[in-house]
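Chains as they are written, first to last, in my numbering: chain A, 299 to 769; chain B, 299 to 769.
Simulated from the structure, these hints should not be mistaken for laboratory data.
Among the clues, some could well be false.
When chains are identical, the list treats them as one kind, so a pair holds in a single copy or across two.
Capping the alpha-carbon separation at 35 Å, the derived lysine-lysine pairs in DSBU-like fashion look like this [claimed, not checked]:
1) Lys764 <-> Lys455
2) Lys455 <-> Lys632
3) Lys764 <-> Lys632
There are 2 protein chains.
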Amino acid sequence: MTPEEFRAAGHRIVDWIADYRARVESRPVMPRTEPGDIKLQLPPRPPVEPESIDAILSDLDRIVTPGLLHWQHPRFFAYFPSNGSLASVLGDYVSTGLGVLGLAWQSSPALTEIEEVVTDWMRDLLGLSGAWSGVIQDTASTSTLIALLCARERTTKYSLAAGGLQAEPQPLVVYTSPHSHSSVEKAALLAGFGRQNVHVVAHDAAYAMRADALAAAIADDRRAGRRPAAIVATTGTTTSTAADPIRAIAEVASQADLWLHVDAAMAGSAMILPECRDLWDGVESADSTVINTHKWLGAAFDCSLYYVRDPEHLVRVMSTNPSFLQTSADGRVKNYRNWGIPLGRRFRALKLWFLLREQGVARLQARLRRDLANAQWLAEQVRGAGGWRLLAPVPLQTLCVRYEPSGLEGEALDAHTLAWVDRINRSGQAYLTPALLDDRWMVRVSIGAETTEREHVEQLWNVMRKEAEAR
Amino acid sequence: MTPEEFRAAGHRIVDWIADYRARVESRPVMPRTEPGDIKLQLPPRPPVEPESIDAILSDLDRIVTPGLLHWQHPRFFAYFPSNGSLASVLGDYVSTGLGVLGLAWQSSPALTEIEEVVTDWMRDLLGLSGAWSGVIQDTASTSTLIALLCARERTTKYSLAAGGLQAEPQPLVVYTSPHSHSSVEKAALLAGFGRQNVHVVAHDAAYAMRADALAAAIADDRRAGRRPAAIVATTGTTTSTAADPIRAIAEVASQADLWLHVDAAMAGSAMILPECRDLWDGVESADSTVINTHKWLGAAFDCSLYYVRDPEHLVRVMSTNPSFLQTSADGRVKNYRNWGIPLGRRFRALKLWFLLREQGVARLQARLRRDLANAQWLAEQVRGAGGWRLLAPVPLQTLCVRYEPSGLEGEALDAHTLAWVDRINRSGQAYLTPALLDDRWMVRVSIGAETTEREHVEQLWNVMRKEAEAR
Chain A
299 MTPEEFRAAG HRIVDWIADY RARVESRPVM PRTEPGDIKL QLPPRPPVEP ESIDAILSDL
359 DRIVTPGLLH WQHPRFFAYF PSNGSLASVL GDYVSTGLGV LGLAWQSSPA LTEIEEVVTD
419 WMRDLLGLSG AWSGVIQDTA STSTLIALLC ARERTTKYSL AAGGLQAEPQ PLVVYTSPHS
479 HSSVEKAALL AGFGRQNVHV VAHDAAYAMR ADALAAAIAD DRRAGRRPAA IVATTGTTTS
539 TAADPIRAIA EVASQADLWL HVDAAMAGSA MILPECRDLW DGVESADSTV INTHKWLGAA
599 FDCSLYYVRD PEHLVRVMST NPSFLQTSAD GRVKNYRNWG IPLGRRFRAL KLWFLLREQG
659 VARLQARLRR DLANAQWLAE QVRGAGGWRL LAPVPLQTLC VRYEPSGLEG EALDAHTLAW
719 VDRINRSGQA YLTPALLDDR WMVRVSIGAE TTEREHVEQL WNVMRKEAEA R
Chain B
299 MTPEEFRAAG HRIVDWIADY RARVESRPVM PRTEPGDIKL QLPPRPPVEP ESIDAILSDL
359 DRIVTPGLLH WQHPRFFAYF PSNGSLASVL GDYVSTGLGV LGLAWQSSPA LTEIEEVVTD
419 WMRDLLGLSG AWSGVIQDTA STSTLIALLC ARERTTKYSL AAGGLQAEPQ PLVVYTSPHS
479 HSSVEKAALL AGFGRQNVHV VAHDAAYAMR ADALAAAIAD DRRAGRRPAA IVATTGTTTS
539 TAADPIRAIA EVASQADLWL HVDAAMAGSA MILPECRDLW DGVESADSTV INTHKWLGAA
599 FDCSLYYVRD PEHLVRVMST NPSFLQTSAD GRVKNYRNWG IPLGRRFRAL KLWFLLREQG
659 VARLQARLRR DLANAQWLAE QVRGAGGWRL LAPVPLQTLC VRYEPSGLEG EALDAHTLAW
719 VDRINRSGQA YLTPALLDDR WMVRVSIGAE TTEREHVEQL WNVMRKEAEA R
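All chains, please: the whole structure from these sequences, using the hints.
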């Protein structure tokens with residue numbers, strides 16, 4: 299494809315996306331696709347001769363769009379929001395179009411230095427001190443894996459440079475809560491700790507980790523000959539956006555000399571609002587933290603910010619320096635390949651740079667405050683409606699709700715809950731994800747798609763009442 | 299940004315990229331940026347109020363473009379090519395614009411099923427049998443890490459579900475060659491094996507791993523009470539694109555019951571040419587392999603294909619299944635979150651789908667054959683020129699060359715080599731990466747940027763002769 303062909307086809311793709319975004323509200327949120335439906339429409343082999351852009355665009359309409367769950371839909375209330383704000387989308391278009399790679403500073407200086415600048419910008423916006431250094435990773439899953447690798451290596455005084463984790467005489471232990479994200483256990487298992495050494499600490503009535511139970515678990519493990527290594531605390535748990543008490547946990551971590559990683563993947567975006575920062579009070583004493591700007595804030599996926607207090611340690615754990623990557627600038631620059639797993643890196647900073655500049659901080663703050671207010675409005679409705687229960691505090695924009703008609707409990711209540719949320723999802727009017735809380739199914743309502751206004755939350759509440767209260 | 303604002307700004311971005319690509323040849327390949335130059339031009343804080351697209355586009359011209367190494371330049375001969383073919387760029391534009399995420403099949407069925415189809419298409423194109431299952435990862439670094447985690451878990455019968463690697467009584471050993479990519483050692487260290495247990499096997503005169511030395515090393519380790527676990531062989535090493543003898547290595551792996559991972563990150567693209575498939579003869583006996591379609595083939599970075607023979611094992615190692623991710627389709631669909639590290643996944647398949655369709659297989663094959671012929675042409679010139687030496691065979695598109703004037707050797711020769719390649723790079727006429735081979739610096743010439751025609755290779759050869767032969 300020549301640049302001129304790209305120009306013509308590119309305009310059509312931009313128009314196609316503009317139309318998609320403008321009309322997304324008119325689509326059912328969830329597709330009516332059955333497993334295998336998409337595959338059946340595609341040929342078994344790629345074409346030998348070129349196909350036209352017309353043919354490809356036609357298949358986007360015919361095959362792709364009808365097979366999507368529409369994450370940018372104003373009645374998407376599932377998981378957590380994943381806002382691909384259109385300014386950020388354009389930043390990513392520049393990145394992909396340039397096609398430059400960050401293997402070393404010299405392999406595109408602007409890629410590295412704009413990443414330094416935007417992670418510094420974000421650090422200040424989040425209220426973090428200048429003692430933190432940031433880098434863009436793909437996801438919080440990867441960031442948390444890196445945090446646990448760094449914890450492992452600090453605790454073992456760089457076992458990776460010698461006999462490895464497998465040479466350690468005492469088992470190393472990781473602490474987390476039952477409400478931490480599934481990626482925490484996954485990271486611990488991939489890092490080699492083993493499931494037996496992932497110790498789950500009790501939570502309080504608000505689903506936050508108990509610091510006293512954490513201290514007790516650490517003392518027990520030491521007595522039993524195990525070696526406490528790391529704590530993963532969460533600001534904004536997946537189920538209910540509960541906030542673990544970071545200050546108290548950090549004191550335990552400090553006394554016991556453990557690595558403290560704060561998973562603020564979701565709630566981190568809220569830290570651009572000074573009034574929300576109590577949620578991670580004490581974070582300055584942590585060793586690492588992760589904030590997914592590709593969730594609520596609006597950076598196009600993937601753009602996970604990983605911040606550390608000791609970048610030299612991170613580099614020592616993650617670095618490689620073969621001859622073909624050495625340049626005369628080394629020692630005076632950051633080589634971000636030594637801050638993560640992949641050697642090749644996209645110019646991801648552009649999508650955050652575009653977002654922050656085109657929106658400005660004030661607009662981003664206003665949008666997040668809109669969502670917080672919408673969540674409080676919905677919480678009031680739930681509290682005031684007969685048979686409805688709010689199952690957890692609402693510190694941010696996610697509600698845990700259930701309709702509990704009299705006479706229904708246990709598995710019958712579960713069946714009722716799963717049935718009405720499934721009816722809503724299949725109707726295409728809204729999309730919600732059910733989850734377990736205290737071993738019972740309930741419905742999460744996660745508000746915060748960029749396009750979601752009060753009217754959409756009102757529409758959701760109407761359909762929830764209609765479907766749940768129908769007998 | 300509204301969809302209409304996006305439409306207008308998006309057309310300007312597409313035009314900007316079209317102009318960039320059309321004129322890239324007129325730029326110096328390497329920027330004249332000094333460390334800190336870019337950072338100094340950016341404000342210390344993001345703006346409070348919105349900035350215009352004009353302001354951002356102007357900064358792209360003023361700050362970003364002058365600070366790039368131009369990977370899509372026809373005189374880019376460094377590292378390996380990273381072709382962001384324009385059709386593939388458009389596929390990525392659709393992905394970013396849609397803003398959908400793959401957490402589960404249901405979270406966007408088309409994302410999962412088109413990934414299944416294009417990895418199947420590519421499998422057949424590469425000449426692999428239907429016994430392989432594919433998934434898109436970000437990079438080969440990550441793919442190789444996953445391969446070594448899978449090897450670790452097969453060898454230890456899923457230690458991750460129990461006491462972890464740290465509970466293993468015998469040290470596990472990984473085998474590779476001195477010419478494997480730096481990501482292999484990095485992956486082994488991150489997976490917890492420890493540097494002492496990464497055993498480097500001797501190579502032959504063509505820089506390929508010696509299968510007999512591998513077998514001897516495994517026997518030695520067993521006698522010493524260590525536990526051989528995995529072999530990473532390479533098809534197309536970074537320094538010289540040497541090919542390890544996969545068939546012989548696979549026999550050793552099979553007899554010793556070791557995991558065999560084939561790193562074909564670079565040379566994998568060449569497997570769409572039947573005449574190149576001898577390079578990885580025996581690959582059907584491997585357990586896993588990785589091919590970076592974002593290198594020579596032309597998929598926009600990042601698009602690394604990871605293939606395995608036993609997807610159930612991969613899923614068992616990588617899976618998580620919290621309640622909020624469960625859907626009624628589970629069991630009948632692929633949930634690719636269990637095939638890699640991140641939970642959230644981009645719609646990466648679109649960039650490969652667009653590439654394969656807009657180009658067609660025949661054009662992709664013709665372009666790769668053009669590059670192979672250009673490499674052979676340059677090899678002939680080097681062989682025929684006084685004082686010049688070709689230091690390794692040229693099985694693909696990368697040459698290892700040195701100018702060795704009489705009287706110069708050892709460190710003086712190194713200094714001369716580094717000086718002339720540095721002069722070329724700083725001149726902006728071409729960009730090359732020097733590397734160590736047999737402990738002496740030489741110059742890699744890696745041909746295969748999509749825009750590189752014979753005339754650009756001729757220009758390179760002229761400038762090489764001029765700079766190297768100048769005294």
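Verification of the hints:
Taking the shortest Cα distances, lysine 764 and lysine 455 never come within 35 Å of each other, neither inside one copy (59 Å) nor across copies (51 Å). In this assembly of identical chains, the alpha carbons of lysine 455 and lysine 632 lie at most 35 Å apart only when taken from the same copy (24 Å versus 40 Å across copies). Taking CA atoms no more than 35 Å apart as the test, lysine 764 paired with lysine 632 passes between copies only; the shortest distance there is 34 Å, against 56 Å inside one copy.
Hint violations for this structure: number 1 only, all remaining hints satisfied.
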